[in-house]
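Visitor: The chain contents come next:
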Amino acid sequence: MHYKLKRITPLDCVVLLALFLFAGFICYRLFYSLNYRWNWSVIPTYMFRLNENTGKWEPNILLEGLFTTLRLSFWGMVLAILIGFLFGLMRVSTRLFFRLAGRTYIELIRNTPPLVLVFIFYYFITDQILVSFAIDEKILSSPAWLQKFISIFFADPPSLNPFLSGVLTLALFQGAYIAEIVRAGIQSIKQEQWESAWSLGLNKWQVMRLIILPEAIRIMLPPLGNEFINTVKWSSIVSIISIQELTFQGLQVMASTHATIELWITISVIYLLLCLTLSVIVAKIERRLSRFDSFFQTGAAEGN
Amino acid sequence: MKSHLSRLYITLFSLLFFSLATLSYGANIQQDIAKNSTIEKIKKRGVLRVGMDVFQPWAMRDKNGKFIGFEIDVATRLARDMGVKVQFVPTAWSGIIPALLTGKFDVIIGGMSITPKRALSVNFSIPYDYTGMSIVANKAKAAGFNSLESFNSPDVQIAVKLGTTAVAAARKFVPKAKLRMFDTEPQAYQELRNGNVHAVIGSAPKPAQEAADYSDTLFLPLDTTFTREPIGFAVRKGDPDTLAYFNSWITVVDMEGWLQERHDYWFMTKDWANLIK
Chain R
1 MHYKLKRITP LDCVVLLALF LFAGFICYRL FYSLNYRWNW SVIPTYMFRL
51 NENTGKWEPN ILLEGLFTTL RLSFWGMVLA ILIGFLFGLM RVSTRLFFRL
101 AGRTYIELIR NTPPLVLVFI FYYFITDQIL VSFAIDEKIL SSPAWLQKFI
151 SIFFADPPSL NPFLSGVLTL ALFQGAYIAE IVRAGIQSIK QEQWESAWSL
201 GLNKWQVMRL IILPEAIRIM LPPLGNEFIN TVKWSSIVSI ISIQELTFQG
251 LQVMASTHAT IELWITISVI YLLLCLTLSV IVAKIERRLS RFDSFFQTGA
301 AEGN
Chain X
1 MKSHLSRLYI TLFSLLFFSL ATLSYGANIQ QDIAKNSTIE KIKKRGVLRV
51 GMDVFQPWAM RDKNGKFIGF EIDVATRLAR DMGVKVQFVP TAWSGIIPAL
101 LTGKFDVIIG GMSITPKRAL SVNFSIPYDY TGMSIVANKA KAAGFNSLES
151 FNSPDVQIAV KLGTTAVAAA RKFVPKAKLR MFDTEPQAYQ ELRNGNVHAV
201 IGSAPKPAQE AADYSDTLFL PLDTTFTREP IGFAVRKGDP DTLAYFNSWI
251 TVVDMEGWLQ ERHDYWFMTK DWANLIK
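Top line first, the protein sequences correspond to chains R and X.
Everything in the first sequence is counted per the UniProt record's numbering, starting at 1 for the first residue and increasing by one.
Everything in the second sequence is counted per the UniProt record's numbering, starting at 1 for the first residue and increasing by one.
There could be a bad hint or two in this list.
List of simulated lysine to any residue pairs, SDA-like, C-alpha gap at most 20 Å [claimed, not checked]:
id, chain 1, residue 1, chain 2, residue 2
1, X, Lys63, R, Arg49
2, R, Lys138, X, Gly46
3, X, Lys63, X, Trp272
Have a look at the derived ranges for each label pair, beta carbon to beta carbon [claimed, not checked]:
id, chain 1, residue 1, chain 2, residue 2, range
4, X, Glu40, R, Trp205, 48 to 54 Å
5, R, Ala134, X, Ser121, 22 to 28 Å
6, R, Phe98, X, Pro230, 53 to 59 Å
7, X, Asn64, R, Lys6, 52 to 58 Å
8, X, Asn194, R, Ile135, 42 to 48 Å
It should be emphasised that the hints constitute simulated quantities derived from the structure, not laboratory data.
C-beta: ideal position from N, C-alpha, C; glycine also.
Chain R with its partners taken away, still in its complex shape (with noise of 0.2 Å):
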């Protein structure tokens, strides 16, 4: 841990200088050369709306689709670490069919492109599953407490068909990574504490639970947490089968007023300030974990 810190060298400064002048350039045919009109005022009036009943400002479609798009990577990550544990699990699986069911699934998605996988699981295997629960009939014949509790946490009882197609899609899509980070962390359990836990006489599944999993879960959560991040990103992908989710909200706006530019530098924004906080928090947590770590192996120095 001890090493100097280097000052500021003249090549730093030249670099810096050079890359200023890049950005600037960019800036300057963004705004001066291209032949474009620009109507920064249209993102305002697309965020917030005055609603003339109430004479209260309320979020308009881009902010609710920023909305969506949290609802939708919250509830997509929930059920992509309940299929990616599944799935992970099945992989480390001591029965051949279970090893093989979970290789076929991981493989079936990570070799074939997202923009396929989305409209195969939208139109052909979400929606024949969502058929068949009826959801929607059931929620309109549902209290209204119930229905404005489902509009809180997932979406608004008419658009709830597609919100769900949307989830099931990012998280089938998203298990199939996570699958694979839980079995890397748990293969990378060292052969001694399963040996050890064995000879202490517990069976397979408290071993899994009680040793493995535990010590599993530290190793997973940085790269979990990255794919948190990628859920949020990946989620703008499910705009192509008309999710009204930030993405879409924004191409329909740039349809209806053609400020296309100021919209995807928006966009773009948003989706930064979102993903930069989520990394900030995650790496708060590895720092939380790493702490923990060293204290063990301190304590266990110690203890030699």
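Since the structure of chain R is already known, use the hints to place chain X on it.
Guide: Chain X alone, transformed into the frame defined by chain R:
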């Protein structure tokens, strides 16, 4: 003789019986079709679900996030006349027919041109409006171009929106030109303004409006549209009742002059422009 006669009776009776059975079976099928038609489902649900995509001036989002536009007027009135609510399902144009076929909504009311190819996978109503293709070009790149023939050359690049009838029109009228396809219309027009393509082919009146908005760089090589395309509602196949209802409705509002009036408001004026920005 007697046995002959009884055989004849048996034949006659069984013929009668079977024909009655088939008749009543036929009646059952008719009832089934009527009962399972989309129209009945809409009435039961109390909501007409309409699939559309956003493009000026057919369907747009106004400053309050509400849908406005020609199609929106048509669908809203249709739902009102049916005594149900209307729900718009905005859908990306490239996936709008699969979405209809898989039941994401009941009908496409989205400025969809009737084409023989599309009519193989969906059923169209009678036309409720007509549109045409027009062309807008870049002054610097396409200087002096004043006919479709002048664009018909391998060094000319033309931008169009993917999956629209503009693609077919371009292939038919300027087969030698190179086509560049974009997912949305704003992208195609931006490429034209940047001077990377010679022209954009699109549904009227957008090309003319674009030429007016950017009159220093763009111009209209032709005064009029060069195709005439019927616009219809699209429904899933095998549903004659729904189609018949929509056709009757279109005939009525067309005779009233209501369709023409709404068309003129959205396509001939720009009174609605301040609703957007």
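Visitor: Could you work out which earlier hints the structure fails to respect and list their numbers in ascending sequence?
Guide: Of the numbered hints given earlier, the structure breaks none, since each of them holds.
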